[in-house]
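Q: Sequence:
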Amino acid sequence: MPYTTATTIIERSPSRLRQALQDRLDALARTHRVPGAHLAVDTGADVVSVHTGTADAATGTPFTADTAVPLGSVTKVYTAAAVLLLADDGDLDLDDPAASFVPELRALPEVTVRHLLSHTAGLPTGPDSDTAAGTTVARYLTGTCTAQDALFTPGAGFSYSNAGYVAAGRLIESVTGMTWKEAVRALLLEPLGTAPAHLDDTAPARAVAAGHALNTATGQLRPARQNLAPVEAPAGALLASALDLAALGGALIGRSAVLPTAVAAHLRTAVPGAAPGVLADAWGPGLALFHQDGRWWCGHDGNAQGTSCHLRAEPDSGVVVAFTGNAGGATALWRDLADDLTRLTGVRVPTAPAPAHRGEPVPFPECAGTYRNGATEYRIALDDAGAPALSVDGDLPLPLVCYPDLTCDLVDPATGRREPGGHFHRDPVTGTVDRVQISGRTARRTRTA
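All residue numbers for the sequence shown refer to the working numbering, where the first residue is 4 and numbers rise by one.
These aren't lab readings, by the way, just hints derived from the structure by calculation. Predicted model, so just to flag it, every value in this text is computed and none were measured. Idealized CB from N, CA, C, for every residue including glycine. One or more hints might be untrue.
Beta-carbon label-pair distances, calculated as ranges [as the list claims (entries may be wrong)]:
hint, residue 1, residue 2, range
1, G180, G397, 36 to 46 Å
2, H294, P366, 39 to 49 Å
3, H360, T272, 42 to 52 Å
4, D408, T272, 19 to 29 Å
5, D94, T156, 25 to 35 Å
6, G349, D69, 40 to 50 Å
7, G137, P431, 33 to 43 Å
8, R142, T272, 26 to 36 Å
9, R19, R142, 51 to 61 Å
10, R228, D94, 29 to 39 Å
11, T418, V365, 19 to 29 Å
Based on the provided sequences and hints, a complete structural model is requested.
A: Now the structure itself:
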């Protein structure tokens, strides 16, 4: 279908479109077992907002247009935008050594601020939230950001890293003299008209949603405990509604004075060397970038415990689409809704990078071995027929299907369904496989099979 601007379609019959989207959201929430969800479509000329269900399945609290949902990694967009606002004020340069502001990074003098924001610093993901719960930011960073654990030379690869955003939050505090929470509130949330909400709020000032997990034994949904460690707040602690995210999306494409035009454009500019694999087509200093129908969309995806939130914005058309859902199944709901938007409006909203033309699967025995990202171990072993399977930290192995371009799919053992998994990398000098990127996270090879 050729690209159509949503403005024309919404203005033609906004009430009809609103009802159609409401009907689809209601139906899809039932299908995917999602207690509550919210979709906002903003063209700059009109906004269609629909929501459904309950904010908390245990209490039955209604899900409203103001309900704030744990955003997970969409929080990183706010953190990155705050850093670029500081750069626009002349407080720093994105190509400054990050250690100039974050002394805990002095072991990695080549890492710049831009590297932190674009996941090209070569930093490990960071410890899991339960492990990080009792530590300080200084201990977290000095224990994680070491030369020994570096995954690649800064700027030479991509590995999605919460640790990089813990460091970015520490940078904001160093430059502003405020806490990360105070700085993001002053620089972005209040100017955007967003009422602040954080995972550590004991008495939230606005309505918030619980995340939910599905008990497969009983078929019942139950509230999920949010376990993000306090030190990880800059990577994932904010809560917001879909309308809040739409306001952020408008600023990202230059429709708000909150982000100067140059700052918004910088956030949307692809960083050289940032190849995010299955996460997006490219990456800016804080934003995922998706290429669809000759246009570049920007945005981010985020998952907290039992939530799924998504933001997409396209500067040429001015279209912004935002979604929040309070269950793990909301990711599939979002994908189905994006398909419905195509059918109802002609606007194709990207949910994943453009599919690659990879050819037929090939044997790839040289991929077998052990790879590490910080404390996380990725082990690829071959079965008796020479087929590879991936196990992460000893979990159930998932079959891999490999292709001539060194990409691979992960196979669901129950259904046989293939999902894009990642990419192997060869050492440019020796030609041997020395890294694997799975779901955007790179692991360095430590030994062969």
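Q: State for each hint whether it applies.
A: Now the hints, each set against the structure:
At roughly 44 Å, the beta carbons of G180 and G397 sit within the given window of 36 to 46 Å. Remark: the range hint 39 to 49 Å for H294 to P366 is contradicted by a beta-carbon distance near 31 Å. Range check, H360 to T272: about 26 Å between beta-carbon atoms, so the 42 to 52 Å window is missed. At about 26 Å, the CB distance of D408 to T272 agrees with the hint of 19 to 29 Å.
Between D94 and T156 the C-beta distance comes to about 27 Å, which sits within the given range of 25 to 35 Å. Checked against the hint of 40 to 50 Å, the pair G349 and D69 fails, with Cβ atoms roughly 30 Å apart. Taken as a hint, the range 33 to 43 Å holds for the pair G137 and P431, whose Cβ atoms sit roughly 41 Å apart. The given range of 26 to 36 Å is respected by R142 and T272, whose C-beta atoms sit roughly 34 Å from each other.
The hinted range of 51 to 61 Å is satisfied by R19 and R142, whose Cβ atoms lie roughly 56 Å apart. A beta carbon spacing of about 37 Å between R228 and D94 agrees with the range 29 to 39 Å that was offered as a hint. The hint said 19 to 29 Å for the Cβ distance between T418 and V365, and at roughly 23 Å that hint holds.
Violation of the numbered hints given earlier is confined to hints 2, 3, 6; the remaining hints are satisfied by the structure.
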